[in-house]
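Q: Input sequences plus hints: build the corresponding full structure.
Chains A and B, in that order, give the protein sequences. With our numbering applied, the first sequence covers 15 to 132. With our numbering applied, the second sequence covers 234 to 373.
Where hints are given, some of them may not hold.
Capping the alpha-carbon separation at 27 Å, the derived lysine-lysine pairs in DSSO-like fashion look like this [as the list claims (entries may be wrong)]: (1) B:264 x B:309; (2) B:242 x B:309; (3) A:100 x B:264; (4) B:328 x B:339; (5) B:339 x B:236; (6) A:25 x A:126; (7) B:328 x A:100; (8) A:57 x B:288; (9) A:100 x B:333; (10) A:57 x A:126; (11) A:50 x B:338; (12) A:50 x B:339; (13) A:50 x B:333; (14) B:309 x B:360; (15) A:25 x A:50; (16) A:100 x B:296; (17) B:332 x B:288; (18) B:332 x A:126; (19) B:288 x B:338; (20) B:328 x A:57; (21) B:241 x B:309; (22) B:288 x B:339; (23) B:236 x B:288; (24) B:296 x B:360; (25) B:309 x A:25; (26) B:333 x A:126; (27) B:309 x A:57; (28) B:241 x A:126; (29) B:338 x A:126; (30) B:360 x A:50; (31) B:339 x A:57; (32) B:288 x B:242; (33) B:236 x A:100; (34) B:328 x B:242; (35) A:100 x B:309; (36) B:360 x A:100; (37) A:25 x A:57; (38) A:50 x B:296.
It should be emphasised that the hints constitute simulated quantities derived from the structure, not laboratory data.
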Amino acid sequence: MKTFNISHRTKSGLEVLDLQGELDAHTASQLEDALKNLIHNNKSNIIVNFQELDYIASAGLGVFMAYIEDVRSNGGDIKLTNMNDKVYNVFDLLGFPTLYDIMQDEMQAIEKFLEEEG
Amino acid sequence: MAKLETYKKTVGASTENLSDIRDFVASHAQKYGFDDNIVADIRLAVDEACTNIIKHAYSNDPKENLEITIEVDDEKFMIYLVDRGDGFDVKTYQKPDLKKQIEQKKRGGMGVHLMLNLMDEVTYQVKNNMNVLCMSKNRN
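A: See below:
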């Protein structure tokens with residue numbers, strides 16, 4: 015069984031989740047718990063950094079589908095950053111780029127959040 | 234007659250076995266010379282198909298067995314998945330509307346869309362009360 019890890023930090027007052035390993039139907043519940051925990055604590059400006067994520071299946075994308083409306087209705091957003099080409103390709107095949115902010119670098123997401131707040 | 238090589242793996246119908254299934258299929262795809270991008274396509278398509286079977290046909294019951302068979306001939310790399318659960322016909326499948334699903338906080342329905350996009354051919358048959366899904370990639 016492959017590992018999946020998720021860790022949480024704050025940067026510039028934003029919540030950042032760092033994903034590592036392989037995100038599939040087995041490990042997606044860990045991401046779901048982490049997002050639910052942030053939403054429960056009224057944290058709605060969330061960046062998910064995919065730098066160390068090697069693989070994603072649709073169950074992983076499903077988590078973002080299920081919670082984006084909750085976050086946006088609280089005035090926040092979930093922005094996705096630092097995906098490798100293979101992971102981005104899955105988001106692209108399912109039409110995510112028109113509905114989600116997917117950025118090359120975490121810094122771009124931070125700047126976009128600051129602009130949106132300003 | 235064209236030479237046919239066959240590889241089989243059987244695992245319990247639990248999502249914890251998905252990574253082993255992915256590695257099994259990917260290692261054989263690599264051995265037959267597919268490049269990294271194609272290997273990644275095959276890995277994901279098989280994951281999606283097995284996830285559907287584990288969740289929908291077998292309701293995450295690890296006592297049920299999931300059998301993955303790879304057949305390779307001169308032209309194609311084929312993956313067969315057989316289950317005894319409720320059938321699903323890929324032909325009646327419609328592309329999910331992502332915007333609508335997000336508004337309704339619904340997930341799912343994405344796996345088949347990926348399988349159809351990632352593989353060269355996806356067929357589904359019912360044989361002897363078993364559902365047989367075959368996905369293939371052309372070798373040339």
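Q: Now, for every hint given, state plainly whether the structure supports it.
A: Verification of the supplied hints:
Restraint check for residue 264 of chain B and residue 309 of chain B: satisfied, since their Cα atoms lie roughly 14 Å apart, inside the 27 Å limit. A distance of roughly 19 Å separates the Cα atoms of residue 242 of chain B and residue 309 of chain B; the hinted pair therefore holds under the 27 Å criterion. In summary, the hint linking residue 100 of chain A to residue 264 of chain B is supported, as the alpha carbons are separated by about 20 Å, within the 27 Å threshold. Restraint check for residue 328 of chain B and residue 339 of chain B: the C-alpha separation of about 14 Å stays at or below 27 Å, so the hint holds.
Among the hinted pairs, residue 339 of chain B with residue 236 of chain B is inconsistent with the structure: their alpha-carbon atoms are about 46 Å apart, more than 27 Å. Restraint check for residue 25 of chain A and residue 126 of chain A: satisfied, since their Cα atoms lie roughly 14 Å apart, inside the 27 Å limit. Taken as a hint, the residue 328 of chain B and residue 100 of chain A pair is honoured in the structure, with Cα atoms around 21 Å apart against an allowance of 27 Å. About 31 Å separates the Cα atoms of residue 57 of chain A and residue 288 of chain B, which puts this hinted pair outside 27 Å; it is violated.
Straight-line distance between C-alpha atoms of residue 100 of chain A and residue 333 of chain B comes to about 25 Å, which keeps the hinted pair within the 27 Å bound. A distance of roughly 17 Å separates the Cα atoms of residue 57 of chain A and residue 126 of chain A; the hinted pair therefore holds under the 27 Å criterion. Annotation: proposed proximity of residue 50 of chain A to residue 338 of chain B holds, straight-line Cα distance about 14 Å (limit 27 Å). For a cut-off of 27 Å, the pair hint linking residue 50 of chain A to residue 339 of chain B stands: about 16 Å separates their Cα positions.
The hinted pair formed by residue 50 of chain A and residue 333 of chain B meets the criterion: a straight-line CA distance of about 21 Å does not exceed 27 Å. For a cut-off of 27 Å, the pair hint linking residue 309 of chain B to residue 360 of chain B stands: about 22 Å separates their Cα positions. About 19 Å separates the Cα atoms of residue 25 of chain A and residue 50 of chain A, which keeps this hinted pair within 27 Å; it holds. A threshold of 27 Å between alpha carbons decides the hint, and for residue 100 of chain A with residue 296 of chain B the separation of about 33 Å lies outside it, so the pair is violated.
At roughly 24 Å between alpha-carbon atoms, residue 332 of chain B and residue 288 of chain B fall within 27 Å of each other, so this suggested pair holds. For the proposed pair residue 332 of chain B and residue 126 of chain A, the alpha carbon gap of about 22 Å is at most 27 Å, so the pair holds. With a CA separation close to 19 Å, the supplied pair residue 288 of chain B and residue 338 of chain B stays within the 27 Å bound. Restraint check for residue 328 of chain B and residue 57 of chain A: the C-alpha separation of about 33 Å exceeds 27 Å, so the hint is violated.
Between residue 241 of chain B and residue 309 of chain B, the direct Cα distance comes to roughly 16 Å. Compliance with the 27 Å bound is thereby established for this hinted pair. Pair hint residue 288 of chain B plus residue 339 of chain B holds up; C-alpha atoms about 16 Å apart against a cutoff of 27 Å. Distance hint between residue 236 of chain B and residue 288 of chain B is unfulfilled; the C-alpha atoms sit about 35 Å from each other, more than 27 Å. About 22 Å separates the Cα atoms of residue 296 of chain B and residue 360 of chain B, which keeps this hinted pair within 27 Å; it holds.
Distance hint between residue 309 of chain B and residue 25 of chain A is unfulfilled; the C-alpha atoms sit about 49 Å from each other, more than 27 Å. For the hint pairing residue 333 of chain B with residue 126 of chain A, the CA-to-CA distance comes to about 25 Å; that is within 27 Å, so the pair holds. In summary, the hint linking residue 309 of chain B to residue 57 of chain A is not supported, as the alpha carbons are separated by about 50 Å, beyond the 27 Å threshold. With a C-alpha separation of about 49 Å, the suggested pairing of residue 241 of chain B with residue 126 of chain A is violated against the 27 Å cut-off.
Between residue 338 of chain B and residue 126 of chain A, the direct Cα distance comes to roughly 24 Å. Compliance with the 27 Å bound is thereby established for this hinted pair. With a C-alpha separation of about 43 Å, the suggested pair residue 360 of chain B and residue 50 of chain A falls outside the 27 Å cut-off, and the hint is violated. For the proposed pair residue 339 of chain B and residue 57 of chain A, the alpha carbon gap of about 22 Å is at most 27 Å, so the pair holds. Between the alpha carbons of residue 288 of chain B and residue 242 of chain B the distance comes to roughly 19 Å, so the proposed pair stays at or under 27 Å and holds.
Between residue 236 of chain B and residue 100 of chain A, the direct Cα distance comes to roughly 33 Å. Violation of the 27 Å bound is thereby established for this hinted pair. Restraint check: the Cα-Cα separation between residue 328 of chain B and residue 242 of chain B comes to about 31 Å, which exceeds 27 Å; the hinted pair is violated. This hinted pair checks out: residue 100 of chain A and residue 309 of chain B have alpha carbons roughly 23 Å apart, not beyond 27 Å. A threshold of 27 Å between alpha carbons decides the hint, and for residue 360 of chain B with residue 100 of chain A the separation of about 35 Å lies outside it, so the pair is violated.
At roughly 13 Å between alpha-carbon atoms, residue 25 of chain A and residue 57 of chain A fall within 27 Å of each other, so this suggested pair holds. Of the supplied pair hints, the one linking residue 50 of chain A and residue 296 of chain B is violated, its CA atoms being roughly 31 Å apart against a limit of 27 Å.
In this structure, the hints that do not hold are numbers 5, 8, 16, 20, 23, 25, 27, 28, 30, 33, 34, 36 and 38, in rising order.
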